[in-house]
Structures are given as structure tokens and as C-alpha cells.
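Mind docking chain V with the ligands on chain F? Use the hints.
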Amino acid sequence: MSEGNAAMITRDDVIDFIYAETRMLDEGRYTEWLDLWMPDAVYWMPLDYKQADPVNATSFLYEDNFMLRLRVERLNGERTFSQKPKSRCNHVIQRPFVDVFDPEAGKFQTVTNMHYVETRLDEQQLLALTVTHDLALVDGAFRIAGKKVELLNCDAAFGNIQLLP
Amino acid sequence: MNANDIRAMIQPAQVHRDVYISDAVYQLEMRHLFTNAWIFVGHDSQTPNKGDYITTQVGDQPVIMVRHTDGEVKVLYNRCPHKGTKIAIDRAGNTGKFFRCPYHAWSFKTDGCLLAIPLKKGYEGTGLSESQNGKGMQAVGAVHNYRGFVFARLAEDGIGFDEFFGGSLSSIDNMVDRAPEGRVEISGPPLRYMHKCNWKMLVENQTDTCHPMVAHESSAGTAVKIYEQMGNPEPRPPAMQIIAPFMSPYEFFEDMGIRTWPNGHGHTGVNMSIHSKYDAIPGYFEAMVEAYGEKRAKAILDENRHNTVYFPNIMIKAPLTQLRNFIPLGADRTLVESYVYRLVGAPEQLTAMSAMYNRMINAPTSIVGHDDLEMYERAQEGLHAEGMQWVDIRRLHTGPEDFETEAVENGTTERQMRNQFHAWAKFMTMSMEGAAGVAAE
Ligand code: FES
Ligand SMILES: [Fe+2]
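Heads up: the protein sequence lines correspond to chains F and V, in order. Here numbering that gives the first Met the number 0 is used: the first residue of the first sequence is 0, the next is one more, and so on. Here numbering that gives the first Met the number 0 is used: the first residue of the second sequence is 0, the next is one more, and so on.
One chain only, chain F, in its complex shape (with noise of 0.2 Å):
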């Protein structure tokens, strides 16, 4: 990416850091993802289909930075008793539509459909998402200001969904 010189930054860059940081997620590098995040970012996964208050209702995430890391950190744990085995994910993006642009300020937002799946022993099971990003530029490099994970199907019952849709 063009370091320091908001000018040069394109929409390609933009949508390469979304496939980017699906596939750490995929590859399992959680530190290097964690790097990724504002300190006051947050990422919501809203429980109910369109919903506005993610913190006065149920949602199924709303993390801030410390419970990003501790749901990063137990999933190496000796006693995580639910990832022996451990999950593995994968995700298939479409590619993000670019809603905000706006390098001066250095604000982005992206809208991206995926396919996501996740696997342990025998079962597999797969969500249909839509993932907004708002991006910030830090430095010259992108980083994430918001996340939100909407399922296809919130309202459906879901066994364990462990690593992040």
C-alpha cells in the first residue's frame, strides 16, 4: 500500500485489506489480526434481523478489544476443552463493495457478502454473512474502526459457532 500518501490510496487497496483480513482469520493468525484493530473498535454480530441497539437488546457479539483478545487468547488455552479438537473456518468473498471512499479523511466503508464455513469433527455448518467495514487509515496503513457480521439466518437456532463468522 502507498505509505503515508493518502492521495495515492485506490479502492483496490481497500477492497485487497478486506480479503486480507479474511484470510487471517482463515489462516488462524489472531495476533497479527488483533494488530488490525482500533482500541475502541468493536465487533457486532446483531442478534435480530435489522437491529438498531446492539447493547440494550441481545446481540450474539459486541466486542471490544479486551474480549477480541480473550476470545483469541482461549483458543490456544491448555483447558479449552471445546476446541480439542480445535474448529477450522473458511470464508468465500464476493468482492466488497466500496460505499465510503474518502482518503483525506481517511474513512472507508465496505459492504462484503460471504459464505462462511466452519468444521470440528464430523459437523460442518455454513452462514451466509454480510460484513461491514469501516476502515480508518493510521499511519498509511488501514486499520478497523467497526465490523459488523450480519447473518443471513440470525434468527434461526445454531449449535456452537466458535472461530469469527
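Worth flagging that the hints you see were computed from the coordinates, not collected in a lab. Even glycine gets a Cβ: it sits at the ideal position worked out from N, Cα and C. Fair warning: there could be bad hints in the mix.
Claimed, not checked - Using C-beta positions, here's what the derived DEER-type ranges look like:
no.: 1; chain 1: F; residue 1: His114; chain 2: V; residue 2: Thr404; range: 56 to 62 Å
no.: 2; chain 1: F; residue 1: Thr9; chain 2: V; residue 2: Tyr102; range: 35 to 41 Å
no.: 3; chain 1: V; residue 1: Arg377; chain 2: F; residue 2: Asn112; range: 33 to 39 Å
no.: 4; chain 1: V; residue 1: Gly292; chain 2: F; residue 2: Asn112; range: 52 to 58 Å
no.: 5; chain 1: V; residue 1: Arg393; chain 2: F; residue 2: His114; range: 46 to 52 Å
no.: 6; chain 1: F; residue 1: His114; chain 2: V; residue 2: Asp22; range: 34 to 40 Å
no.: 7; chain 1: F; residue 1: Leu125; chain 2: V; residue 2: Met387; range: 35 to 41 Å
Said to hold, decoys possible - Calculated pairs, SDA-like style, for lysine to any residue (alpha carbon to alpha carbon, straight line, at most 20 Å):
no.: 8; chain 1: V; residue 1: Lys297; chain 2: V; residue 2: Asp172
no.: 9; chain 1: F; residue 1: Lys49; chain 2: V; residue 2: Gly92
no.: 10; chain 1: V; residue 1: Lys195; chain 2: V; residue 2: Ala23
no.: 11; chain 1: F; residue 1: Lys83; chain 2: V; residue 2: Arg377
no.: 12; chain 1: F; residue 1: Lys49; chain 2: V; residue 2: Arg191
no.: 13; chain 1: F; residue 1: Lys147; chain 2: V; residue 2: Ala351
What the hints assert, rightly or not - Some chain V residues well away from chain F (every beta-carbon gap over 12 Å; in silico):
no.: 14; residue: His81
no.: 15; residue: Pro117
no.: 16; residue: Arg182
no.: 17; residue: Arg191
no.: 18; residue: Ala298
no.: 19; residue: Glu403
Frame of chain F; chain V with the ligands shown alone:
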């Protein structure tokens, strides 16, 4: 399987594994236990206006809970008296003044009574109006709305609501009393979490105080460790206030205490609980004092019960205004619905705290729930081992126990599990052939 076979599965300190894995036992539970006992249906704030309804299940029975034109909440079987079509399948809606079956347009008042049939002359002289089907949608045996919480008994005759729940209603009282206006309202849809295990494992787990520090070490223990690395900054964020107490030592849970009531109800957290040390929410105590006076407000808020089990299949957390419904779908399948309620007249941050607890602990995406589900599903599979037939529930069982009187004991006892199975045998067998004498205990 008769009443004696059922009773033989429950011994004073152990239960036969068939109570968890046998399909025949599950079928009998649906026809007997879930028919004789009072079962949670919904909260009346889910149907605030006339014609509002929800669809749900009582045991395996499809039902509609609806606000009738007289303002009362009715519970009807969700089955058209004509050919069986479910009358409504959306989880919530408003039907106006009447239900109309989408198949042949028979229509019914919201108390189930038949309203109209198209081309009715085709039924003249057929005897329809004298038949059960000609009366309309069938209502369940009895319905009771207790401070907004709606329960149903499928059986026409049986134990009364007050006798069934007795002193256990004090936990619902405490939850509702925590609202300055004395009522709670639903806040958003429930989490729906599918478990491939028997419903009773989940109910037992609600008063299993020897598992948090073990099964949840990966989540709560890691949280405590990370927070330590950060230097334990104060004030602790709500997430830490929620999760850290799961790592409390055994002594803490022993001191919490467990209370049991007749008919299988009981709760952990008699003296205090993992919910006792949450930071006060600004403005809340003042609102409570305004509503109740200082002494009563303090008494309400000093009661911090942990989990109250309402036998057979719900639990509530009064201090967090939550309810979890363990809906049995099969011997090895349970749907858990976890609800959050808003305390009317209290600051909205209380709702936010309850919703946070719900997603952190009860969600399919919860790092705490993951390990619970893992344990249940491993148990469901492990119980098929032929080498051992009995499941042990004898912690702090030292002699005969009387479940017909209220008791308070050490918080790590498995007495509440034994209490549940005692009630299980009672409500399973009371309507069985050959249960004479014992059924009326
Ligand atoms: S099945 Fe309902 S009207 Fe025929
Ligand atoms: Fe647990």
C-alpha cells in the same frame, strides 16, 4: 414402561442413564410430566395488545399464546380443528379479532371458539357442531399469569399453580420487584441455542456449582489472567465483573448456599452469589427508594439469588432479569431460548448489563457457552457406554432426604438435582396406569 419402571430409574443418590438417552422415556415425559406440571409459555409483554400472539411449545406441543379481546392471555393448541394445519407459524404477530386458518378459512375467536366456516351448509346434519372439532381451537387445561409470566398446565385437572410453585415464586417476585414500577418487559428476541443433549442436563447444570472453575477456566480464567497482565485497572469494566466470579474458589460456592422447595424447584445463591458485586448503576437505587422506601428497596436489592430453577424446564436470574427456557425436542435435542427483560422505571444501563451477560454467557457464540455445550454433548454420547448404567448425584447426600419441606444447604450439594428427580418421578407417574396411591403423595 409403567410407573414402577419409571420409579426404578430414580434412586436416592443416582439415576439410571435411560432418563437421558431413552426415546421411550422422552415420549413419556411429554405425555405425563409436561402434561401434569406447570410449564412456562411466555411473558405477557410479548403480547401487549389485543390480537397479539406468539407461537411456541409446551413440551412437544405446538401452542399459541394470544391476548384475547377481553385483555386476558389465552394459550391454545396451534392446530386447526379441521385438518390439523398450524394456525400461525410466525414467532410473533397480530391476528386482529380472530384467527383464520389459511387452508379452508375456518375462523376462530382469540379464545379459540369457532367463529365461522365457509359454505357452512355442507355441514348441516353431519354432527360437526356436536363434535370436539366443531367447537373450535382447543385451549390447554389451565393458564396462570404470574406477574407477567405465563404458565400453562396441559392437563384439564391437576395440581394448582400456587401449590405447584409454592415458595419458589419469591424469585420471580424479586425479579419483578427490582423494577421501580413493579413490572418487567421483554427486550428484544431471545437467543436460540441448539443443544444435542437431553434437556435435564441443562436444568441440572443451573445448580451445578462445582463446574464453573473447571469447565470455564478457559474463558473466565483467561480473562482474569489477561486483566492481571493489564495491572488490574479499576474500576473493572462490566465484562470483567460478569466473568471473573466464575473463577471463584469452591469455598465461595459452598458459602453461596442452595435452597430447595417442594415439586423440584430450587435456587443457588441463598446468602450471596456471583451476581452480588456488580457496580451500582447511577440513579437506580434512588428510583427504587422513591418507589418502595429505603428499607424495602435495600431488602429487594440485597437479595442476589444466582439461578432459580422452576421445575421442570426454566431458570431465571432475578438480579439480571433473565429467563432461560430449556425446550425438549427429543431425548437428545434441546432448544435453549434465553430472554432479557427490561425493568420498567429503571435506568437503561441495567438492561444493557443483562443483555451483555446474555451474549457473553448464553449465546451460541459465547466462549462460556461453548464449554458448557461441549460437556453436555460429551455426556450425551458417553452415557451410551454399556459398562456403567447409573449417573451419580450423591454429593453431600448422607441419608434420607425430605423434599416436601423447604431446605437450605451447603452451596455445592447436589440436593437440588435429587429434588428435581424426586419431582420428576412424581409428575411422570401420577397419571400412569398402576400408579394408584403413590400418585397422590
Ligand atoms: S385445515 Fe384449517 S380450515 Fe381446513
Ligand atoms: Fe457453565
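Notebook entry, point to check: Any Cβ of chain F at or closer than 12 Å to V:Pro117, or is the non-interface label fine?
Noted result: 34 Å, holds
Next item on the list: Starting from the hint 34 to 40 Å, judge whether the C-beta atoms of F:His114 and V:Asp22 obey it.
Entry: 35 Å, holds
Notebook entry, point to check: Is it correct that the beta-carbon of V:Arg191 has no partner in chain F closer than or equal to 12 Å?
Noted result: Given a closest Cβ separation of 4 Å, the condition is violated.
Next item on the list: Measuring Cβ to Cβ, find out whether V:Glu403 lies farther than 12 Å from everything in chain F.
Entry: 37 Å, holds
Note to self: Check whether the Cα positions of F:Lys83 and V:Arg377 lie no farther apart than 20 Å.
What the structure shows: With Cα atoms ~12 Å apart, F:Lys83 and V:Arg377 stay inside 20 Å; holds.
Next item on the list: Verify the proposed pairing of V:Lys297 with V:Asp172, using a straight-line Cα cut of 20 Å.
Entry: 15 Å, holds
Checklist line | Given as non-interface: V:Ala298, which should sit over 12 Å from chain F by C-beta | finding: Correct as stated: the minimum Cβ-Cβ distance to chain F is 27 Å, above 12 Å.
Item checked: Outcome of range test on Cβ distance (F:Leu125, V:Met387; 35 to 41 Å) -> The hint (35 to 41 Å, Cβ to Cβ) holds, given that F:Leu125 and V:Met387 are roughly 38 Å apart.
Margin query: 46 to 52 Å was suggested as the range; check whether the CB atoms of V:Arg393 and F:His114 agree with it.
Written below: Taking Cβ atoms as reference, V:Arg393 and F:His114 lie about 49 Å apart, which means the hint holds.
Margin query: Hinted pair, alpha-carbon criterion (20 Å max): F:Lys49, V:Arg191. Please report holds or violated.
Written below: Holds, at about 17 Å.
Item checked: 20 Å limit on alpha-carbon distance, applied to hinted pair F:Lys49 and V:Gly92 -> 18 Å, holds
Next item on the list: Please work out if F:Lys147 and V:Ala351 have their alpha carbons no farther apart than 20 Å.
Entry: 19 Å, holds
Violated hints, listed in ascending order, are 2 and 17; each of the other numbered hints is respected by the structure.
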